Each structure stands twice: as C-alpha cells, then as structure tokens.
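Chemist: What follows is the residue order along each chain.
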Amino acid sequence: MKLTVNGTEHEIDVEDDMPLLWVLRDVLGITGPKYGCGIAACGACTVHMDGVAVRSCQVAAADVDGKITTIEGLGTPEAPHPVQAAWIDHQVAQCGYCQSGQIMQAAAFLGFNPDPTDDQIDAAMGGNLCRCGTYPRIREALKSAAAKLGAG
Amino acid sequence: MGRARTIARRTFLIGSAAIAGGVAFGVYAVRTPHDNPLRQSLAPGEATFNPFVKITGDAIVLILPHADVGQGVQSLQAALIAEELDVDPAHVTLSFGQPDAAYYNTALAADLAPFMPFDDSRMAKTVRSALGGAAKVMGIMATGGSSSVPDSYDKLRHAGAVARETLKRAAADQTGHDVTSLRTQGGAVILPDGATLPYTALAATAARVEPVTEVSLRDPSEWRLLGKPMQRTDIISKSTGTQTYGIDLRLEGMVHAALCTNPRQGGAMLGYDAGDAKKMRGVIDVVPITGGVAVVADNTWRAFQAIEAIRFDWGPAPFPAEMQGHWDAVAASFIEDNLDKTWRDEGDVGAVLAAETLSAEYRSPYVAHQPLEPLSAVVRISDGGAEVWAAHQLPRFLQDKVAAVAGCAPEDVLFYNQFAGGSFGHRLEFDFITRTAEIAVQMKGTPVKLTYRREEDFIHDYPRQIGMARAQGKVKEGKVEAFALDIATPSVAASQASRLGQPIMGPDGQIVAGAWTMPYAIPHLRVRGFRTPELAPVSSWRAVGAPVAGFFAESWLDELIHAAGADPLAERLRLCTNPVHMKVLEAVAEMSNWGGSAMSAGQGRGVAMVESFGVPVAEVVEVTQTPEGIRIDKVFVAADVGRVLDPVNFENNVQGGVIWGLGHAINAEITFSDGVAEQDNFYTHEGLRFHQAPEITVRGLENGPSVRGIGEPPVPPAAPALANAIFAATGQRLREMPFNKFIDFA
Ligand code: FES
Ligand code: FES
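Sequences listed follow chains V and P, in order. Going by the numbering used here, the first sequence opens with residue 7, and the numbers climb by one from there. Going by the numbering used here, the second sequence opens with residue 52, and the numbers climb by one from there.
Since the hints were derived computationally from the structure, they do not count as laboratory data. Values in this document were obtained by computation on a predicted structure and should not be read as measured data. Be aware that a few hints might be false.
[Claimed, not checked] Computed from the model, here is a short list of chain V residues facing chain P with C-beta under 10 Å: (1) 24; (2) 27; (3) 32; (4) 33; (5) 41; (6) 48; (7) 76; (8) 78; (9) 104; (10) 118; (11) 125; (12) 141; (13) 144.
[To be verified] Estimated spans, in silico, between C-beta atoms of each pair: (14) P:679 with V:13: 39 to 49 Å; (15) P:684 with V:45: 30 to 40 Å; (16) P:791 with V:83: 38 to 48 Å; (17) P:678 with V:13: 46 to 56 Å; (18) V:45 with P:678: 21 to 31 Å; (19) P:367 with V:13: 47 to 57 Å; (20) V:129 with P:782: 31 to 41 Å; (21) V:45 with P:341: 24 to 34 Å; (22) V:72 with P:782: 48 to 58 Å; (23) P:108 with V:85: 30 to 40 Å; (24) P:252 with V:123: 49 to 59 Å; (25) P:797 with V:13: 35 to 45 Å.
[Said to hold, decoys possible] Restricting the straight-line Cα-Cα distance to at most 16 Å, the calculated cross-link-like pairs of lysine to aspartate or glutamate (EDC-like) are: (26) V:149 with P:746; (27) P:279 with P:434; (28) P:495 with P:434; (29) V:149 with V:121; (30) P:330 with V:121; (31) P:634 with P:482.
The C-beta atom is built at its ideal place from N, Cα and C for all residues, glycine as well.
Sequences are here, hints too, so could you generate the full structure?
Modeler: Pasting the structure below:
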C-alpha cells in the first residue's frame, strides 16, 4: 500500500491491521511519534492526517486516508513551526517524550480554533498525558502560540 | 592493603596530558583513587587524566556522567563547567561518557547517613564524609536522591577552571604575552590586542604545559550563566521530535523483541505453548528468558502480536495474592520485634499519651512509576564483551549485571547511556537490561532491541512501598502538646539491595523520611519506624520515603492543629525551630496571602511542609468544591535549595513535582488480585490530566547551607497540603490515598 508522510510517498508491505504508529517508527524509521500506551490513553503517538490530529496507535495501516504529517514534518530545529517556537520559548519539555504528541495536538487544534477559550484548551489537550507534569507550561506556550498565529 | 596505598599515592593527582592533536585536562579531586576512564578510549599516544573535559583540534567535549531522566541535569552539568571554562554549552559536544568509578557520586552516599541533613554536629559530619569516601572507593556512580547537583556543584566548576587556566598558560607560552594580560570568552583566549585564539587551536600547546591546578572558583556575583534563566541544551531537540531516546535507536541488522514474564511478579513459568506465535509473520525466534519468554521479530508490533499469541502456565506469586494480605501484613508489623528504630523521642510521650488522647490511622498504597517512555534497551553481545544502549541511573551496576549474563568482565561491557523519557526511579531496576542481554546472548553479534509493552511494564513496575501509620496526639490550651507517629512499611532499600546482591545494614531512614526530620518543637514528640517484611518487591519512587511518611506526618500535624483550634500556618511557624524552614513557611504564607484573604464557602486552603534530601519545601494548596467534585485551583510553593542554579528549569521541576505528587495522591494505586497488579495502563493509573492541573507559583529560596537538587523534594508536601485543603473546604479528613476512593475530583 501507499502512504504519504511529510510530503514523501512510500510503498509499504505490511499487514492491514498494523498500526500507523509502528509503520512510521519501525518500517519508515520516523521516530518522532512515540509509543506510550498503545490504547489511545496518552497521545504520545499523535500525528496529523490531512491536518486532523489522530492517535497513530489506533489507525490501522489500511485505514490511513489522507496525507500524514509527523512532528518532523511540522517544523525543524532551524525553522520551527510557531507552536514549536512557543514550546522552545517557554521551555516546556522535561523528559520531552510526550511533547511530540502535545505539539501535534496543539498545532492541529489551533489550526481549527486559533482563538480558543480555556475550556476549549482543556477539552483539546485532556487526552495528552505528560507524566513529568509540564501542563502549566504547555498552557502558557499554547496561548502564546495562539496569540502569534492570530496576529499573523 | 595494596589498594589503600595506591589510593594514598594518587592523592592530589591532578594533571593534563597530550592526546592526538590535542589535550585532555586533568582535575582529579583530592584523594581520587580511580584511573581515568578516558585513558582507555584514547588512541595510541593519547592520554588523559580528566574525567570531565577533553579538547582536541576540532572539538570541545564535556563528559557529564549524571543520567538525564528529564530533570535537565545534562544541561546543568554543562553549565557548571561552562561557567568557569567560558564556553557556550550550546556550542560544545556533550556526552554521558562511559561508566567509570572515577565518576563516583559523593553526595548520594552522604545523604544515606542517618543524620538530619541539617544536622551539622561533628558526629554527623564525620559519618557523612566517611560515607562519601566509601562511595568514592566503591565507585558508586548513580543518579538519584536529587544528588546530581550537590555532587557536581564544586567538582564540575573546578574542572572548568583548571582547563581554563591551563589554556591561558598555553596561550601565554604560544604568544609571549604575560598570562595576566589574557582573558577567556566564548571558547577562546582573548589576547591584549583583542585577537582571539580558540581553545581548539591551543590544544596541542596546552598538552605540553604544566597544568594550572591552583585555581579559585568565581564568585557567584561574576556568573554569566548560573543563577540566570538559560535555555536547556535539549530544549530544541525535544520540541522538534529530533531528540533520540533509547526506544528510538536503530542499529544495522537490529532485531526487535518483546517479552512476557509471569504477571505475578517474580513467580515461575511452569510452561508455555508458542506454536501459533512461531508461525506469525515476521517472527524470527521464540527464546526462553528468566521467568518467561521473548519473541524476536522484524519489528516491534509483530513481536508484540506474537507474544500475545503465546499461552502460558504461570506459578503463584511469591507474596500475598490479594490486597487484604498486604494490608494485614503491614498492620501486623507495629510490634516490638519489627521496630526498626525510634528516630525521635522528646519529652515524655509515653506518660502524656497514657491518658486519653487523639488518634488516627493512615494508609498509603503501592503506586507505579510508569514514565511515558516504556522500558527498552538495545544489547549486542560479542565474544568477550557486550554493548548496551539504554537509559539507566546506575551504570556501573548495569555493567556487572550484563557481564554476569554475557560471561565477560564488567569493564568489557560498553554502556551508552541515553536520554530517558522519564524515570521517577524506574530506571534504577535492571530486569529490562538483563532480559535484553539474555536474548542477545542467544543471538550473538546481532543487536537486539527489547521494548516493553505498556501492560508488561505496568504490572512489573516495582511500585512505591505500601505503608500505614498509627498516630496519637494531644492538644492543650490551643497548642499541639504531643505528637506520636508510628510508621510501618517494607524497606525499599532492602528490596532494591536484594536485587543488587548487596547487604543492607542498619535501620532504614526512608521508612520515616520526611517525618523524623520535622523541625517542630512539640513538647512531647516521638517518631518510630517499623519494618514490614517484604511483600511485593518495591523500588525507589520519586522522593522515596517522604511522599508516604510526609503525608502521614503533615496530615496528622494538621489534625492536631485543627483540634487545638489554631491556625495551620501560624501554629507550624510557632513550632518551627529551624530558620531556613521558617522562611519557606513565611514565603508561602505571603505568596498565598494566607490569613489576608478569606476563602468563600466551598473553598479551602491547606498547607504542608516536608523536608527531603535536605530541601525544605512548603506548599499551600487551594481547592473549590464544584458540582463535578473538588477542583484544585492554585498551589504556592517555596523551596530552599541553597542556591538556584537554573531558575527556569527549577520552576519546571517544581511544577512537575507538585503535579506528580497531587496526581498520584488523587487517583493512582497498584492493587493485587490473584497476585497480579490490576492496573496495567494509564486509564486505571493516570496521575493528573491537563485540565486538572492547577496554577502553580514557585519561589526558590537560598538560605540553606548547601546547594541541593530539586528533582524530588517538591513531591512530598503536595499530598498532605491537598488533604489539608480538602478538610478546610469540606470538613472531610482523607487519611488514605488515593483520595478518589472517597471523594470526587473535577
Ligand atoms: S500510544 Fe497512542 S495514545 Fe498512547
Ligand atoms: S515531558 Fe516527560 S512526559 Fe511530558
């Protein structure tokens, strides 16, 4: 089957039910999306499918329907996406393991709702677990990214 | 006693040495008994005495041995060297280095001594320094106990200063300028005319000059980096998905493994049928390992699928199968035979409490660590050696463990430490390393990556110790008159040491950590630790004993203060005898406007102060009753670490520690049924979620006598401060964690 990830098309030969997460990580070597729980309880594996945030551990390879963007395709250390830039400014990360998923979730959310309320932010980010407890900084970074995106 | 003489001879050995195209700087601290590890990895003609700084023709390399489990300590270690060496941490190469005895951790051992960290008596100092010496001789290289900063603070700045002064000396020799006319900046020596000589261009000369070892450290008022907001060196990679963790590693020819061991942790495997698994796509082999089997496949998911297709026959758990058995065992240990130590006994507690008194019983459950990155390791075994890539906090014990599996010498185990996706104490255990080695031994030459399924990781977590407290007390004329606390838990130290094959002697201070160090002058005060025989195996969980004993102590103190009709903060201040601790209490009082602003109906405010690892931390928690349950609105935290070296990361660590403490107090426990942990993923043991996280205001104080780490100390006060706030809001006293068994949370 064919898969477009970060603008590159790949031909892959995997079981229909192999989760996209493992296709990305082990077949294509794209390791930004992380394995945390495998059951949609942590959000570490979040990627975009046509701009919508999805848990890649829950999307079977055969069900991929759209272009996939991972954290590597969102921005780079040299040219970070505004959400990534806000995460850097606010020094959000501790271990950082959840942050690919947090950033992908936040970027998709702000794409649809560039001027969110606190309640909307709570609802959007509630599924992304951070064991290190960086939530206060995630909230600040997300709000400042929203302000920048809104101003732009 | 050849070893002792060698040690004596090497006393004050400090130096630098030529290496191919450059120099390695030597900064052995006094009485360093160990050979320098870099010596072995240098090419012919290279030499070094220095475990921390190496400069070649094209690179400045800082070797920073403490494991980075998310606390940002690699960045801070780099800043400590950089402050004296005058380099930009972002523009040098940072490495965890290879494990070696030269990287002994003195601070950790010092804190194991059974004296209050603030006890500066002669006896305390003597024992502390003797233990520090033991760590040096035994070469304990460890990251834990919030010890990285105290261990590194002088050592790494000294390393930077020696390298800097020697490079200046080399520049003077090379240019003919007087050394006093030279300064350093941005990785270069600056000549009087403003011309710059990069350190890398001085490496060859520096290798030949006599190293300058008489250096004085810069006064904090001159610091460029330390004490000011700085960007963590890993922040960009961790914000762009470019940070590689152990679980992300891909080696040429690597295979992927998954395992299943007896879910009744430590129980035997009686048999298994892997007939179906072996036929599955991508499966390369099914191999036996200690207590279970592993599947080796061509990717992780296929290994996971195959492992789930195996049918097992498991033996019973080597501990009580049901929770009741665990609680009964803890309850039965409040007897003379199990008395581990009477830690405090002031006034005449026996006499005062013989009459009618107040009393209560508290409980604290098993709790899992479960960092977000599941356990993983990569091991390749070759003839006579092994290579290990993983994130671990005890590298030298890891070498021993892998050597035993591989049948080689510990020094032939090369260990490449990795950035960890969290630990909280989880990476002090060895199963995931030794099991990977057991698989790799059966396929020599092939790199094997073992990844734990989350469920496997959860049910073999080695959780935080279970515990109970029996409390008694008395109040008189509006004051706390007597406070007695008996605490019973299994010994975490003994459980961990048994897996390290190390004997553990003497009483275990962690049973009462955070309780016996209470700085309160209560007229009649007694704290006793009782040791429960080992039940389920347990391991150090962030802050170890203090999240348990501190919850008991600060909740009970709060109960007595309320019974006396006193103000929780004012009474603590009245009782407090240590000026450093008083200051953290005063700080949170001011930050929260305690006493200044009244709470409205349904709101409540609670305070707690616990000292752990020498750091007193006070927290005020504010809660509101809502239709959905208790909402945690705000937390105010003041912590005294002697000196705040990295203020932004300090705040982040404190906020994270508070959230860790609150989240697990609210909703996390491990319970056993049929000998199996009933919680096996985050939906049943999750900690705090985003929408539950309060606003957390942090203040770092610098009154303490020594520089301390902040990774763990914010955790212990969180649970009692929350329980005390909930009491203030609702009148309901929560004496058992997790609180959501008794009350709802929004
Ligand atoms: S790994 Fe997909 S949600 Fe946790
Ligand atoms: S930063 Fe460690 S899990 Fe979020």
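Chemist: Need the status of pair residue 149 of chain V, residue 121 of chain V: alpha-carbon distance at most 16 Å?
Modeler: Roughly 9 Å separates the two Cα atoms, so the pair holds.
Chemist: Classify the hint on residue 27 of chain V as holds or violated, based on whether any CB of chain P lies nearer than 10 Å to its CB.
Modeler: Holds - the Cβ of residue 27 of chain V comes within 10 Å of chain P, reaching about 8 Å at its closest.
Chemist: Please check whether residue 45 of chain V and residue 678 of chain P have a Cβ separation lying inside 21 to 31 Å.
Modeler: Since the Cβ atoms of residue 45 of chain V and residue 678 of chain P sit about 30 Å apart, the hinted range of 21 to 31 Å holds.
Chemist: Does the nearest C-beta of chain P fall within a distance shorter than 10 Å of the C-beta of residue 24 of chain V?
Modeler: 6 Å, holds
Chemist: Holds or violated: residue 125 of chain V as interface residue toward chain P, Cβ cutoff 10 Å?
Modeler: 9 Å, holds
Chemist: Holds or violated: is the Cβ of residue 141 of chain V closer than 10 Å to a Cβ in chain P?
Modeler: 4 Å, holds
Chemist: Taking the least C-beta to C-beta distance, is residue 144 of chain V closer than 10 Å to chain P?
Modeler: This hint holds: residue 144 of chain V lies near chain P, its Cβ roughly 7 Å from the closest one there, short of 10 Å.
Chemist: Please test the hint of 46 to 56 Å on the beta carbon pair from residue 678 of chain P and residue 13 of chain V.
Modeler: Given about 48 Å between the Cβ atoms, the range holds.
Chemist: Using the Cβ atoms, figure out if residue 791 of chain P sits within 38 to 48 Å of residue 83 of chain V.
Modeler: Holds, since residue 791 of chain P and residue 83 of chain V (Cβ atoms, about 41 Å apart) stay within the stated range.
Chemist: Interface hint check: residue 32 of chain V, Cβ to nearest Cβ on chain P, cutoff 10 Å. Holds or violated?
Modeler: 4 Å, holds
Chemist: Identify whether the interface hint at residue 118 of chain V stands, where standing means a beta carbon of chain P within less than 10 Å of its own.
Modeler: 18 Å, violated
Chemist: Holds or violated: 47 to 57 Å for the Cβ distance of residue 367 of chain P and residue 13 of chain V?
Modeler: Since residue 367 of chain P and residue 13 of chain V have Cβ atoms about 55 Å apart, the given range 47 to 57 Å holds.
Checked against the numbered hints listed earlier, the structure breaks hints 10, 27, 30, 31; every other hint is satisfied.
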